[in-house]
Amino acid sequence: MSSHLLSVDSLSRDHVDHLLRVASRMEPIAQRRKVTRVLEGAVLGNLFFEASTRTRVSFHAAFCRLGGSVCDTTGFTFSSMAKGESLYDTSRVMSGYCDAIVMRHPDQGSVAEFAQATNVPVINGGDGPGEHPSQALLDLYTIDKEFTRLGKTLAGAHLLLTGDLKYGRTVHSLIKLLSLYAPMRITLVSPPGLEMPSHLVDLVASRGHRVELRESLASDFSDLDVIYTTRIQKERFTEEMMESFSGVSQDFTIDRAFLDQRCNDTTIVMHPLPRDSRPGANDLNVDLNGDPRLAIFRQTDNGIPVRMAIFATLLEVEDQIEKDLRDVRWFVPRKLGVDDREF
Amino acid sequence: MSSHLLSVDSLSRDHVDHLLRVASRMEPIAQRRKVTRVLEGAVLGNLFFEASTRTRVSFHAAFCRLGGSVCDTTGFTFSSMAKGESLYDTSRVMSGYCDAIVMRHPDQGSVAEFAQATNVPVINGGDGPGEHPSQALLDLYTIDKEFTRLGKTLAGAHLLLTGDLKYGRTVHSLIKLLSLYAPMRITLVSPPGLEMPSHLVDLVASRGHRVELRESLASDFSDLDVIYTTRIQKERFTEEMMESFSGVSQDFTIDRAFLDQRCNDTTIVMHPLPRDSRPGANDLNVDLNGDPRLAIFRQTDNGIPVRMAIFATLLEVEDQIEKDLRDVRWFVPRKLGVDDREF
Amino acid sequence: MSSHLLSVDSLSRDHVDHLLRVASRMEPIAQRRKVTRVLEGAVLGNLFFEASTRTRVSFHAAFCRLGGSVCDTTGFTFSSMAKGESLYDTSRVMSGYCDAIVMRHPDQGSVAEFAQATNVPVINGGDGPGEHPSQALLDLYTIDKEFTRLGKTLAGAHLLLTGDLKYGRTVHSLIKLLSLYAPMRITLVSPPGLEMPSHLVDLVASRGHRVELRESLASDFSDLDVIYTTRIQKERFTEEMMESFSGVSQDFTIDRAFLDQRCNDTTIVMHPLPRDSRPGANDLNVDLNGDPRLAIFRQTDNGIPVRMAIFATLLEVEDQIEKDLRDVRWFVPRKLGVDDREF
Numbered sequence: 003m004s005s006h007l008l009s010v011d012s013l014s015r016d017h018v019d020h021l022l023r024v025a026s027r028m029e030p031i032a033q034r035r036k037v038t039r040v041l042e043g044a045v046l047g048n049l050f051f052e053a054s055t056r057t058r059v060s061f062h063a064a065f066c067r068l069g070g071s072v073c074d075t076t077g078f079t080f081s082s083m084a085k086g087e088s089l090y091d092t093s094r095v096m097s098g099y100c101d102a103i104v105m106r107h108p109d110q111g112s113v114a115e116f117a118q119a120t121n122v123p124v125i126n127g128g129d130g131p132g133e134h135p136s137q138a139l140l141d142l143y144t145i146d147k148e149f150t151r152l153g154k155t156l157a158g159a160h161l162l163l164t165g166d167l168k169y170g171r172t173v174h175s176l177i178k179l180l181s182l183y184a185p186m187r188i189t190l191v192s193p194p195g196l197e198m199p200s201h202l203v204d205l206v207a208s209r210g211h212r213v214e215l216r217e218s219l220a221s222d223f224s225d226l227d228v229i230y231t232t233r234i235q236k237e238r239f240t241e242e243m244m245e246s247f248s249g250v251s252q253d254f255t256i257d258r259a260f261l262d263q264r265c266n267d268t269t270i271v272m273h274p275l276p277r278d279s280r281p282g283a284n285d286l287n288v289d290l291n292g293d294p295r296l297a298i299f300r301q302t303d304n305g306i307p308v309r310m311a312i313f314a315t316l317l318e319v320e321d322q323i324e325k326d327l328r329d330v331r332w333f334v335p336r337k338l339g340v341d342d343r344e345f
Numbered sequence: 003m004s005s006h007l008l009s010v011d012s013l014s015r016d017h018v019d020h021l022l023r024v025a026s027r028m029e030p031i032a033q034r035r036k037v038t039r040v041l042e043g044a045v046l047g048n049l050f051f052e053a054s055t056r057t058r059v060s061f062h063a064a065f066c067r068l069g070g071s072v073c074d075t076t077g078f079t080f081s082s083m084a085k086g087e088s089l090y091d092t093s094r095v096m097s098g099y100c101d102a103i104v105m106r107h108p109d110q111g112s113v114a115e116f117a118q119a120t121n122v123p124v125i126n127g128g129d130g131p132g133e134h135p136s137q138a139l140l141d142l143y144t145i146d147k148e149f150t151r152l153g154k155t156l157a158g159a160h161l162l163l164t165g166d167l168k169y170g171r172t173v174h175s176l177i178k179l180l181s182l183y184a185p186m187r188i189t190l191v192s193p194p195g196l197e198m199p200s201h202l203v204d205l206v207a208s209r210g211h212r213v214e215l216r217e218s219l220a221s222d223f224s225d226l227d228v229i230y231t232t233r234i235q236k237e238r239f240t241e242e243m244m245e246s247f248s249g250v251s252q253d254f255t256i257d258r259a260f261l262d263q264r265c266n267d268t269t270i271v272m273h274p275l276p277r278d279s280r281p282g283a284n285d286l287n288v289d290l291n292g293d294p295r296l297a298i299f300r301q302t303d304n305g306i307p308v309r310m311a312i313f314a315t316l317l318e319v320e321d322q323i324e325k326d327l328r329d330v331r332w333f334v335p336r337k338l339g340v341d342d343r344e345f
Numbered sequence: 003m004s005s006h007l008l009s010v011d012s013l014s015r016d017h018v019d020h021l022l023r024v025a026s027r028m029e030p031i032a033q034r035r036k037v038t039r040v041l042e043g044a045v046l047g048n049l050f051f052e053a054s055t056r057t058r059v060s061f062h063a064a065f066c067r068l069g070g071s072v073c074d075t076t077g078f079t080f081s082s083m084a085k086g087e088s089l090y091d092t093s094r095v096m097s098g099y100c101d102a103i104v105m106r107h108p109d110q111g112s113v114a115e116f117a118q119a120t121n122v123p124v125i126n127g128g129d130g131p132g133e134h135p136s137q138a139l140l141d142l143y144t145i146d147k148e149f150t151r152l153g154k155t156l157a158g159a160h161l162l163l164t165g166d167l168k169y170g171r172t173v174h175s176l177i178k179l180l181s182l183y184a185p186m187r188i189t190l191v192s193p194p195g196l197e198m199p200s201h202l203v204d205l206v207a208s209r210g211h212r213v214e215l216r217e218s219l220a221s222d223f224s225d226l227d228v229i230y231t232t233r234i235q236k237e238r239f240t241e242e243m244m245e246s247f248s249g250v251s252q253d254f255t256i257d258r259a260f261l262d263q264r265c266n267d268t269t270i271v272m273h274p275l276p277r278d279s280r281p282g283a284n285d286l287n288v289d290l291n292g293d294p295r296l297a298i299f300r301q302t303d304n305g306i307p308v309r310m311a312i313f314a315t316l317l318e319v320e321d322q323i324e325k326d327l328r329d330v331r332w333f334v335p336r337k338l339g340v341d342d343r344e345f
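Protein chains in written order, with the working numbering: chain A, 3 to 345; chain B, 3 to 345; chain C, 3 to 345.
Hint data in this document are derived by calculation from the structure and do not stem from the laboratory.
Computed from a predicted structure; not experimentally measured.
Some clues are possibly wrong.
[Unchecked claim] Derived SDA-like pairs (lysine to any residue); straight-line CA-CA distance at most 20 Å:
1. A:K325 <-> B:L290
2. C:K85 <-> B:A283
3. C:K85 <-> B:T255
4. B:K168 <-> B:A84
5. C:K178 <-> C:S208
6. C:K85 <-> B:S54
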């Protein structure tokens with residue numbers, strides 16, 4: 003693995019496999035049944051130049067679980083950058099204070115530029131329309147974990163990606179990671195004008211997967227294993243799209259009726275979150291809350307072991323953790339809520 | 003104890019007794035003469051959707067003293083909530099990242115709503131005009147601790163609650179807790195229009211306490227044990243109240259003259275803080291600074307052991323702590339300032 | 003050492019020597035080759051009422067390296083201060099929650115006022131035009147460390163201070179610290195109107211140093227050991243100064259040509275940072291990036307051991323640390339970047 007995690011493009015199949023394996027070994031610590039001090043004395047610089055509370059807290063918690071300390075920075079800019087400091091200087095200074103850096107920034111490419119000047123690992127926590135590699139990794143980890151539980155395998159699986167496939171960076175990164183694995187069947191359904199970019203369709207097809215494009219969800223999905231849905235943001239629409247969309251909006255909404263009538267009992271539903279729960283939001287319907295097929299909260303939970311694995315791997319301590327594990331005497335199992343139910 | 007701490011209403015006498023006993027056992031750790039790692043690896047989500055630096059820092063420090071890590075969030079909203087995410091989703095996601103959550107929010111009831119979706123303990127750090135149970139508990143703990151030191155008991159004690167008794171949520175919660183204990187004498191003094199709500203007066207009276215309402219402080223308080231005073235906020239006043247109030251404002255101000263002339267040598271003075279020290283602020287007078295009867299800073303200091311006890315109890319580790327205590331070789335006693343003097 | 007660090011004026015030669023020695027012993031921990039838990043259970047209140055990301059992160063990381071926890075506060079004011087709370091009350095309350103406080107505030111003298119009411123050590127992290135003592139200490143530590151490496155000594159050294167010597171508080175504090183040491187030669191070069199205040203020139207001269215004032219950099223510096231340069235902020239200029247300055251601006255810019263033509267191979271370049279890298283910024287030129295004589299990033303790196311030494315000394319644990327040191331099995335040396343090269 004390279005010394006940074008800036009994009010899923012830098013990840014080989016071996017890298018991804020290794021990360022997923024390490025993430026799996028992190029589960030007892032993520033659930034606080036075991037504790038480790040492997041990152042004792044280490045400091046994470048958690049730099050969020052764009053607000054993203056959940057991602058910030060997730061990285062923060064993951065680093066703490068490994069025994070490290072975290073210094074958060076939130077806001078639109080470094081105070082020193084406002085005084086004309088270059089990203090180069092900021093980056094080099096911060097890397098003298100921290101052992102690893104997570105950075106989220108609204109400008110595509112800025113995290114990579116920042117990473118060039120540091121001598122500590124940098125993780126891209128999202129750079130605007132660019133990349134958000136830890137999200138793609140936790141998505142893949144979730145599919146793998148749910149499949150293992152259900153006795154399924156990636157090879158031959160049928161996945162549906164739906165919603166806004168044009169602007170949703172998470173589906174772009176996820177499909178790249180999926181393409182590294184055994185041939186599967188990937189169905190893409192999006193409103194006209196929000197289709198998956200053709201270079202990504204071509205990439206996946208070129209690697210032996212069966213890719214199918216459909217214009218509507220009104221067909222048979224009885225063999226479906228995974229639905230990955232994203233919000234359709236009306237503000238993305240042109241006027242022309244608005245007209246054609248108004249009549250078909252419900253066609254792209256995943257709800258309980260869709261699962262009950264067109265899918266099967268083990269079709270899981272994923273979503274990168276947040277989802278818009280306001281009326282008329284064209285997003286994953288809340289009527290699936292409490293349904294064991296709704297995997298969205300198990301998915302966010304997986305952010306902790308996956309981000310722990312990213313830190314452990316970049317800091318090259320993944321093999322030290324096992325030697326440093328201890329039981330906690332005081333472990334209290336979390337009460338499971340209605341949306342934590344598995345099948 | 004329930005799995006959350008949302009309101010003092012959920013607390014029985016046994017719960018409160020237990021919390022106070024645990025708080026007392028936390029003192030050596032709160033003062034950093036002992037250390038524990040009982041919450042090692044645990045993460046607190048400290049969510050302040052309304053600014054309250056002191057309360058945030060107090061919860062933060064209490065969790066750290068138990069060996070845990072804290073991730074603060076400050077600001078008016080979650081970034082994801084601005085995108086239409088429901089409190090349900092936010093809550094469920096956060097509870098996958100953290101082992102406990104403290105939440106302060108300007109809207110009454112919002113913390114309880116948040117708590118319904120989590121599977122980790124939630125502590126109400128103040129929900130607007132609603133509840134702030136940890137404040138009431140530290141107030142009661144302070145009275146109990148001061149009384150123990152002075153050889154007094156709650157039974158038969160005389161307490162004066164004064165200031166704005168209508169809008170001050172801290173006096174409401176405190177009087178509920180006091181009502182659980184042995185009969186005492188409670189005198190209420192407030193400007194007309196800012197009286198204690200009658201349902202609370204009735205509650206306390208129905209539990210066998212002697213409640214007396216007075217319109218002014220100009221009487222004999224020579225047997226008084228505790229003054230609990232709160233700021234009178236003029237912005238709460240109607241025009242009519244303003245007129246009647248202008249002539250009597252000094253009647254509701256606690257100062258050194260009042261203590262010297264009408265109270266006794268062991269009458270302690272409490273206040274929920276912050277107090278308004280600006281001239282003409284109708285708040286606890288600064289001329290008591292340095293007087294050992296002024297207990298307001300001993301009171302805020304008690305926030306640490308009380309909040310430690312809340313965490314320990316909700317996370318069910320209160321009995322593990324004793325087994326995990328260690329001395330610190332490097333303890334340096336704090337220098338006592340002028341306002342830390344006891345009698 | 004006093005119980006606070008508010009100003010370099012309170013530091014004797016012995017204090018400074020002790021701090022530098024302790025800082026040197028902190029290096030293995032600062033570089034994470036060793037870990038300590040000497041401040042386990044301790045909480046730092048890191049209060050930044052003025053934005054300064056780098057200083058905040060530096061103090062934060064230093065305290066964590068010693069095993070402590072940090073609670074950051076950022077923003078222009080305490081929420082309670084907005085309600086009329088005095089600095090006295092705020093200070094006393096905070097000192098009940100924390101074991102040490104770092105405070106940065108835009109108003110000169112406010113940190114000292116804050117410190118008067120606390121019973122825990124307070125470190126001035128910069129009070130507007132006032133003091134920033136930890137910066138001066140890390141500057142001196144950097145000179146000492148670079149000299150040791152190069153086989154040089156402070157006695158007889160030749161230092162150039164240049165740029166804005168009137169408003170730059172860092173050069174004022176540094177020159178005070180330097181004046182405590184063996185006689186050296188200090189050359190001051192600044193644009194007219196931005197000269198070093200005469201009382202500081204007199205102070206240094208009175209302690210036996212050779213001080214020379216020049217109006218331009220266009221002379222021989224072949225025996226120079228250190229350049230300490232600061233940004234010239236045009237917004238400081240009067241109209242008259244602007245006119246006279248426009249013709250000479252490049253005269254005060256330190257760049258590679260100046261070092262190559264007028265200095266020598268071991269002249270190191272320091273700067274308090276941030277530097278303004280925008281075109282025409284009258285600041286240290288980026289063409290020195292990658293030159294081993296550019297010590298600015300080694301200088302910021304030194305902020306960690308120096309701030310660790312400040313905490314250790316104020317909390318009186320500097321002799322406990324050695325007894326508590328442990329190796330880390332998992333240490334991964336940082337990759338050195340181009341600007342970390344020493345000679």
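Outcome of the hint check:
1. Pair hint A:K325 plus B:L290 does not hold up; C-alpha atoms about 58 Å apart against a cutoff of 20 Å.
2. Of the pairs offered as hints, the one joining C:K85 and B:A283 holds, with about 10 Å between alpha carbons and a cut-off of 20 Å not exceeded.
3. For the proposed pair C:K85 and B:T255, the alpha carbon gap of about 18 Å is at most 20 Å, so the pair holds.
4. Proximity of B:K168 to B:A84 is assessed by CA-CA distance (about 34 Å); at most 20 Å being required, the pair is judged violated.
5. With a C-alpha separation of about 12 Å, the suggested pairing of C:K178 with C:S208 holds against the 20 Å cut-off.
6. For the suggested pair C:K85 and B:S54, the alpha carbons sit about 11 Å apart, so the restraint of at most 20 Å is met.
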